[in-house]
Every structure is written in structure tokens, then in C-alpha cells.
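All chains should be modelled from the sequences, with the hints used to inform the complete structure.
Protein chains in written order, with UniProt numbering: chain A, 1 to 445; chain B, 1 to 769.
Keep in mind that the hints were calculated from the coordinates and are not lab data. Please note that the accuracy of each hint is not assured.
Taking lysine to aspartate or glutamate pairs in the EDC-like style, the calculated list, with each CA pair at most 20 Å apart, reads [what the hints assert, rightly or not]:
#1 A:167 to B:207
#2 A:378 to B:133
#3 B:727 to A:336
#4 A:437 to A:418
#5 B:239 to B:281
#6 A:49 to A:318
#7 B:225 to A:444
#8 A:359 to A:375
#9 B:295 to B:310
#10 A:426 to B:269
#11 B:118 to A:168
#12 A:49 to B:523
#13 A:436 to B:516
#14 A:378 to B:696
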Amino acid sequence: MKVKMMSRNPDNYIRETKLQQHKLPRNYDPSLHPLEGPREYVRALNATKLDRVFAKPFVCNLSGHRDGVSCFGKHPKLLSALATGAYDGEVRIWDLANRLSARSFIAHNGFVRGIAYAKNGERIFTVGDDKTIKVWNSLAPEVGEEEEPVNTVQCRYGLHGISHNRKDNSFATCGEVCAIWDEQHNDPLKTLKWGVDTLHTISYNPVETNVLACCASDRSIILYDQREAQPLRRVLLTMKSNKLAWNPMEAFNFTVANEDCNLYTFDTRKLQTPLKVHFDHVSAVTDVDYAPTGREFVSASYDKTIRIYHAHQSHSRDIYHTKRMQHVVCVAWSLDNRYIFSGSDEMNVRMWKSNASEKLGIIRPRERSNFNYQEALKEKYAAHPQIKRIARHRQVPRHVLNAQRKMRAVKEKDQVKEANVRKHSKPGKVPYVSEKKKHVLKEEV
Amino acid sequence: MEDGEENHNPKAHKKLLMAISSLGNVQHIQKSTRDERQTLQDEFQLGKGVRSAESHHKPRAVGLNDLVQILRASSKHIKTGRKLKNIQSTKKVLEKPLEKPAADRIRRTIGYEGVTKKLGRWDAVVAQQRSAETQIFPIPSETIYVNTAANAKSLKTSIQSALAKALEASKLKLHELRKAQIGDTADEKALAQQERELRQMKITRDELFARRKELAYLKMRESQKSARSRMQNKIKSKKFHKLQKRQKIHEQMKEIELLQKTNPEAALEKLNALEKIRVQERASLRHKNTGTWAKNLQMRAKYDRDVRKDLGEQLAVGRQLTEKKQESDSETEFKMTQDVQEEDKEYDPFNPWTKRKVAGKAPTEMAGQVSNWRKYWTERNQKAKLLEEDHKDLKDVQHVENVDIVEEKLKLDPKPKPSKIKLKKSKVSFENGWKVEKVYHETNVTGESKIIDNIFEGSEEKLRGKLTKKLKTLKLRTDRLKEAPAKSKKVKKKDSLKNLKHLAVKMTKKRVEVDEPLYYEIESQQQVDAANMGSDPEVAVDSAVDTIDISKVTTLVWAQKERSSGALNDALVNDDDAEYDEKDATTLHQLTISQAFEDDDIIADFNMEKTKDSELKNTELQLAMPGWGSWAGAGISQEVMERRNKRNTRLLLRLAAPEKRRDDNKDNLFINETSTKQARQHLVSSVPFPFRSLADYEASIRAPIGRNFVPETAFRMLTRPSVTTRKGQVIEPMDDSDLVKPERRLRHIVDKRIKRLPKVPQNSQKAKK
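Structure representation (C-alpha cells):
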């Protein structure tokens, strides 16, 4: 009988010094790995499960406001600074790294309606219900000094929102009219008006910085160019849009948060039909903000939840909620694409991770490559039913689930009715209307 | 009395008369005369001018002519007067501006166009970003050149090195020397400041120019548009208006065609409205004498009485026809058959030729031909050549059909006229089908010939039916041909995102996109689930069942492996082993299954297992317990009980019909369906979204990506994340610098000078040569 001897040279696999890595001789011949498919599948399954195990998105709660939080202002350069305004007129500047309120002052009588940082972050502009625009220094005053605005502009019109140009020294306010201001002047450079309805939100395009958009209370979205003397175009939706956010990486796309529980992504050049309708919320959507990568956005809703959407998909990727979070009023995505801030009616500002299971802190290269591998595996097997089930399984509050059921029932009823009407009328008389086209009433020139 | 006469004052009398005469005029407010410049015009001054009794003509504004007349008086100003006149004749007066809403709309559309164009610049970048396999944020920008020398601050004196001090001292010395020798008094700092300002000025000036240019362009566009909208109605060219009208009608027709599909009733209404407009137009006496023929007649009518008469007749006919048309417009339309309707398209009540052709000539011709034809046949029948004729007739019918088909093929040009085709066809068939012979008129028809006549009538009808059918199909086809280009045109017009779509690059690596709602569950169970998730019994099962979907996922690998391992074995294994293998195989062949399992009755077992579950499924289960429903007493009969239980569906569990086994009809085959049940829940049931075919999808998940199966570099490449961000770094929105590659920075001085060379347009260069 022949005995096969196994002989190995330790030089091939033992490292010479402690600092070297172990050599791992591998034979990649596929015939030697007959179960590579199943092994990877199991790895993907485990990675998905671990992902859900570690999915703890809530980072911290920033408490200090004495009334509901109404608006956010993101510092364009600093990641650790966030300005928040409240219903009692108080503005707080947060030091996010230390989770502290760095500064607070009463800015307005009544609501703070909007906060905007200047383009370099040196000044803060706030508007409130008292019809004033106030300019604040972003640096805290010296010890013993009073908090005083650098400048106060009294307006004739009510003010509902403010947005600062990313490249210029100009900013825009909305209210009864849309007004374009220069930082140096106390009078608006220009007022743009179309119709008589109140404009409740305004947003500058971050890329093509002359373009801005407003949402009006007559359910319309109006586009402006700050150089033109006239508004550009108006789209009328079936219900009011609450907020509008431009995609920072795709200059022509913007998303509106609508009162009818949906969000709509539009292309500025084709306003008759939205590019995408984003479903899943069960109550009015109050705010929306894009991730700085432009691939995702986050939305806040009256149904006490936050949802994260992929910009080109109609269903949400994730849902965040806590027991104590009430109606979420404002939401913001941090400029390093890592965190999400939400301000809600019950006076708290919450900080979430944008990727629920992401590890915070230092990640070693080996860890990083392992995470990458897990991500790749999850992506590869994303369509497999078990993996999909685990990855997309979410716990939601009972009221959300009930509302969802109700909405589904209503929708089904409508569909059944439409089908019946179609069945009993002349062919072609009841046309099929796509979901996208249902929500836009008209585009006005 | 005489005093009274003497007192008669003609002036006062006149005034009185005037007052009396003006009593009838309602307006008492005199037109105001202006003696001072006013910023505001009083509304009471805008009264109608009261006509004075003296001046018979209307008082008119002072014209330029009057001024010129006055200027002509003095020889000094004659030239000026002429100039003024010239100016008036040559220079155009500015148009009245458009109404505000219209002007605003134009401005808005122009602004919107400009913005869309501006936004369109980003198409390429966005398309590229979307299709990129991996994205890095912040977007890595091109190299930025910063003139660090300009920003360098001079060192503070306290830490100035000796060398710096020496340098400064020498500089000072040089400066003073200059001052002393040449009288150079220029302050260097001031100079530098001036230079900087100048540079800034230059930049702002350039910017200003650009801005002015843009403004001018916008203004031009606006004025162009407004002028166009204003002028279009004023254009006198009849051809233009004709074309425009035709275009409008064309558009409306298109709309109607579209409507026909979606909303036929509305389409019909619209068609009626169009028809009405047309009829009104025709009846409006506008086109009575505008034709070439009528015009020629008019020319000659001056000299020729007959022509005048003709013209009068023509007009009279026209009048008559309009009356008729208006009367019977609604009635006749419904009665008309399809063919007639087709002809109706060309029908023009004021054109005597079309009228005659349609109403009188063609039918009579047809009828005449048909009657002749029939008579001809009856005559021939008398000669008792029935059978032969019949044969011939059949052949002819076929021939006619052939001719038709050929013609259809010929007539498939984009604008065929169905009615004309029909006429032609009938003619051709008559002329080509038979030889033209002399026709004898004979009226007496025998009984025999009557029957034959009937036969022919039948065949004729058939022929006619066929013709109409073919016409219909032909019309449908032509309609379709007409529709196709219209549709494509519309699509072209509408799509404003075409560029973006065109630019979209096909992704090299497709990723599965799961766009469906999340799977929700009520929150209270969360903790239990979380606990489960950690130490799942399922996990153990899963890892045990490793045979999940090998067959699906790794088919190719299997094939490869078999081949390669075979080769490997051949190379490695000794000859002895090979011999042994052969022997083994032969012995195996000898052993049959029955020999191996002599004791067991495996066939019976086999069949039993196959029928096992189906038996179970056939049964009906009684859920009723003894005593249930029997409170009527102990004496109740068994039959009644059974009947009652059967009727009560709650107490009788009827199982669903047994599933059909895949091996039902195959006696010696047993497919074990239960063994794959655990694996089945792990298998993908349908091809996921971006993939079109199963093969594509399988190909995408077939290759392994793990470290254990692919080399390290490949592993790194395959597991690159789709988005990479850096911690603590702000991701700025897209910038103009991403849009265009910055110009190459020229370092060599010659290159710079070449670049600065004035660019002479090619035309002028040629001209110089």
C-alpha cells in the first residue's frame, strides 16, 4: 500500500518577524471550492442578520428648547454646529460633538420661521412671526456682553421662510411675496409675486444658484430666477406642498414634501409629471432634506416618524421612530452624510445615524474590508427572499400600522370601484391614469 | 321799438344762438386747455370736444406737416423742415407695447427657457455620476492653483531672521539710492495697491461686458417674441394665412384622431364643429369669384357679353347650391353610406365640376356600363353558350381580383384617394376584363336568361362587397400610415429630458434594486424578535442545509469543475488506481437492484409511499363529538344525525383536493418533493428588477466575491462600496468646476504669448490673401 506523505515547508506559511502578516497560501481553483455559492449565501444571510442586530440608529437627544422645534439651520462649513429655532422665538446653537447647547437667545416674538447661515457661516439670518429679519454673529458674544443682533430689518410683509444663496451674498425670504435681499442692504433688491397666496417655504438651488423655488398655500410650486423680474413657472398639485429640497448633486431635480402623505420628485425641465412619487408615510409630510451625496433624502412626517428614501425609488429604505417622539416638524441631513437631525413638537432635537447599523468610531482597515465584503454580499443576494425578508423587516408603532391598513383599504376600495366603472362603461371611456399623473393638476406658464 | 332794433347786438345774438344750439348737447364740461405742465391729468378734463358751430370740420391735433409748413416760411428753416419730413417718412414709430399679462407670459417663458438651458448643462455630469460604479464624496476636484506668493505675509520683526533683515536693509538702500539719483518718488505700496485695483477693475469690466451682452440678448429675444406675436395677424400674405390656416386645421385633425381613440364622442362633436366652420366659410360669399377661372372671366367680362352672362349664371348656381346645402346639411349626412362619405370629402358645393362628377357623371357612367354589360351578356346567352360563358365568367372574376391586388400594391403611396381608386378600378376591370365589342340593345329577355341574370347580379354583388371590403382595409392601412409619423413627431417635441436619457450610460455592473414597502410589524414584539434574531434556530437549520440553490447558482461552476477535476485526476492518479476503478465499475454493473435488496419488497414500499399522502387528503374529518347536537333525546335516529352533521360545515372538515403529484402517471418514478421544501424558501421566485432575463441574473450572482475564492486584488475590486465618504469632511454640492475641465495652465512664457495672440477670423485672412 502506498502511503502519501504530507510535507510542508514552514517557510511558506510562518512569518519571519512579528510585524509581518501570516502568509495564507490559497488555491483559487474553483474545483476545490465546490460549495462557494452556498457558503457566500450563508455569509450574506448572517451579514443581514447582524445588520439588523446592530441597527440602532438613535444617537442622542439634544434637549434644551422650551417649546416645539420649528426649523433648522445647517452650518455650511462646520459639521459640529447646528442652529435650531423654536415656537417661542428662541434660537439655540448646538455643539454637536459634545452634544451641548453652546448658545441660546430669544430672537423673535412668536415663532422662529426660518434660519439660514450665510455662505461662509459667519452670520446667521433668522426670520420670525414679528415680521423681522435679524442677522446674528455666528460667534458667541464675549462673557458679560448681551446677545444682540448685528442687524434687524423690519418688513412690511409677513415672513415665512428664508434661504441663503450658496455662492452670493444674497438671500431670499418668502411670505406674502418672494423677496431677494442683499446682505448689505435693508431693502429687498427685488420682490417677485405671482398670485396672492402666501408662500410658506423657499429654497435656493445649491448648484445653479440663481434658481430658487417656493411653495405656496394655493397648492402650487413656483420657480424663480433671482436675476429675472418675473417668476418662471408654476405647477399646481392636488394638495399643498409643505417643504421643498433641491438635490445637491443633480441641479435640475427637487423633491417636495406634500400634505397628501407623499413626496414628489420633479425635474425642473419637465414639470407636468413628477419623476417619482414616494409613498409610505401615513400622514402629512412636513419636511424633507437631501443627503449631501444627492442619492438619498430624509423626510419628516406628522405621523411621528422619519423615513429615508432612495432618491429614485418610490418606497422608503428605512423608518426611524421612538416612543417619545411626537409630530416631527423639521429634519436635516448632516453635511458629512453620516447623521440625521430631527426636531419635533415635544421640544427635542434628536440625532440619528443615517445608516442604522453603521459602526461609529474608528474602523481599522481589516474591519473596513470586512464591512465592505458584507455590504457587497448583501447587495449580491438582495433579491433572495429570506435575505429580503430580514433586511426589510421593521417594527413600527401600532398607530402607523393601523393607519397603513386603513390607507390600503381605502386605496383598494378606490381601485375596485374604478375597475367596476371601467367594466361597465364603453371601452376607452375610463382611461388608465398613472399614479404620477394623478397628482399634478396643471403647469402654468 | 327802434331803440330795440338799434340795440340788436350781432355778437350777443350769435352767442345766444350758440347757447341755444348747444342746449341739446348733454355735455356741459368744456374741453380744458392746458397752460401749465401737469403731472396728473384730471379726469374731468377728458370730456368729448364740443363741436363749435363755426368750424365745420373736426378740430384735429397739430401734425408734423403743419410745423413743416410754418418752417417753410423762413428760408432759414427750410432745411430743417425737409429733415423733419424725411425723418417722419423713414423712421418707424415704436409699436404700442403688448398688454401686460401677455408680455409677462412671454417674459416668463423666456426666463424658463433660459433656466432649462442652464440646467441642461449638468446632464452629462449627472448621467456620469449616476452610472458610476463607485462614487467618492466630496467629489475629487481638479488641481487648484493658488498663488501662495501673493498671500505670503512678511515675517514679524521679532522672529525675522538675520537674512531677512539684511535683505530688507539692502532693499531700502536701493530705494534711497534711486531716490537720490533718478528722483524716483513712487511709493511701492501705493503702486502695488494701484495694480491690484486695476486688475480688479479689469475683471469687473469683463464681467460687466458679459452681463450686458446677456441682458441685450435677453431683451432681443423678448422683443423678437413680442413682435412676432403682434405681427402675425398683420401679415398680408394670403399664402401665409392659407398655410397657417391649413396648419391649424391639420393640428385639429390630429387632435381629433387622438380623441377618436380616447373619447370618440368628443371627437365627433369636434368634427361637426369643424364641418360647420367650413360650411360657414363656404357660404360666406368670400370664395365666389376668387378662383382663377372666375378671375379670368371677370377680366374678359368687360368686353364680352357672353362671358358676363356665364359669370352671372355661375353666381346664381352658387347661390342655389348654398341654399340647398344649408337646408339638407344635417339630414343627408346621416343617410350617406361610407362610400358616399368618402366622396363627400372632395365635394364642394361651389365647384360645379366636382358636383357634376360626383352626383351626375360618375354614377350614370357606371350605371350605363353596368347595364350595357348586362345586356351584352343576355344577348350572348341567347346564343346558348351557357357553360362556356360561365367558365369564362369565373375566370374573369379571378382576373378582376388579380388586377385589384396589383393596383393596391401600386397605390400604397402615402396619400391615396380612396374614391378615385374605386372609380379607376371599376373602369379598369371593365376595360381590361373584357374585349370591347359592339353592344346590341335587345329588350326581350327569356326566362332562362333571367336566371342567369340573377346569377350575374349575385356575382356582381359579391364583387362589389369584395371591393368595398378591400377599400376598407386599404383605408385602414393608409390611416395607419398617416398616423405613424404624426405620433413620432409628437414624442420628439415633448421629451425635454431626452439629452439626459441619451447620455445615460449602461451600467457595467447591474445591482438588484428592491423597491417595495418594508415589512412592518407592531413594535411591542420587538424585543422578542431581537432575541430570536441573535440565536435563531433557523440559522442552525440554514447552515445545516447548505445545499440551497447550488443547482441554480453555480451551474457553470459545476460544469467547469467536473471537467477540470477529471483532467486533474487523470494526471495525478496512478495506473493501478485506474485499473481498480474499471474493475469496480464492471462489478457494479453486475449487481442489480433486486439482488441488493432481495429481502425487501421495495416495489410495494415504493408505491405505498407514493400514495400515502394522497390517501390522507381524500378523507373528510368528522369534528363532531358524540352527544353534540343531540339534545333532542336519546332516541334520535342515526340517519338524522348524520344528515345534520353533514349539513353543518363547522363540524365537518373537508380537505382540499389532493395536489397532483408530478410523478402521478409514471409508475416507476418517485419524485421526492419534500426533500427540497426547506431549500425552496431560499430560492428566488422571479427575476428581480433591473434584470431582464434569468441568464443575466444568474450571471450576476454566479461568480464568488469572497477572499477565499478570488485573489486579494479582485476581492478588493469586487467589494468596493458604491459610495465612499470621508469622516468629518463636508460634502459640498456640485460645483461649476465639475462641469468643465479647467483650461490647462500654461507655464512657459512663449505658450502664454501664443495664447494671447489676437484671433483673426478666417474669412478676413482669406480676403487678405
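Hint-by-hint comparison with the structure:
1. The suggested pairing of residue 167 of chain A with residue 207 of chain B holds, with an alpha-carbon distance near 16 Å, which does not exceed 20 Å.
2. Taking the CA atoms of residue 378 of chain A and residue 133 of chain B, the gap is about 16 Å. The hint holds against a cut of 20 Å.
3. Restraint check for residue 727 of chain B and residue 336 of chain A: the C-alpha separation of about 7 Å stays at or below 20 Å, so the hint holds.
4. Simply put, residue 437 of chain A and residue 418 of chain A have alpha-carbon atoms about 16 Å apart, close enough for the 20 Å limit, and the pair holds.
5. The suggested pairing of residue 239 of chain B with residue 281 of chain B holds, with an alpha-carbon distance near 17 Å, which does not exceed 20 Å.
6. Restraint check: the Cα-Cα separation between residue 49 of chain A and residue 318 of chain A comes to about 16 Å, which is no more than 20 Å; the hinted pair holds.
7. Distance check on the hinted pair: residue 225 of chain B and residue 444 of chain A sit about 19 Å apart at the alpha-carbon level, within 20 Å; holds.
8. Note on residue 359 of chain A and residue 375 of chain A: the hinted pairing holds, with a Cα-Cα distance of about 13 Å set against a maximum of 20 Å.
9. A hinted pair counts as satisfied when its Cα atoms are at most 20 Å apart, and residue 295 of chain B with residue 310 of chain B qualifies at roughly 12 Å.
10. With a C-alpha separation of about 17 Å, the suggested pair residue 426 of chain A and residue 269 of chain B falls inside the 20 Å cut-off, and the hint holds.
11. Simply put, residue 118 of chain B and residue 168 of chain A have alpha-carbon atoms about 18 Å apart, close enough for the 20 Å limit, and the pair holds.
12. For the hint pairing residue 49 of chain A with residue 523 of chain B, the CA-to-CA distance comes to about 18 Å; that is within 20 Å, so the pair holds.
13. For the given pair, residue 436 of chain A sits about 17 Å from residue 516 of chain B by alpha-carbon distance, which is consistent with the 20 Å threshold.
14. Between residue 378 of chain A and residue 696 of chain B the CA atoms are separated by roughly 18 Å; this keeps the pair inside 20 Å, and the hint holds.
Hint check: no violations occur; every hint is consistent with the structure.
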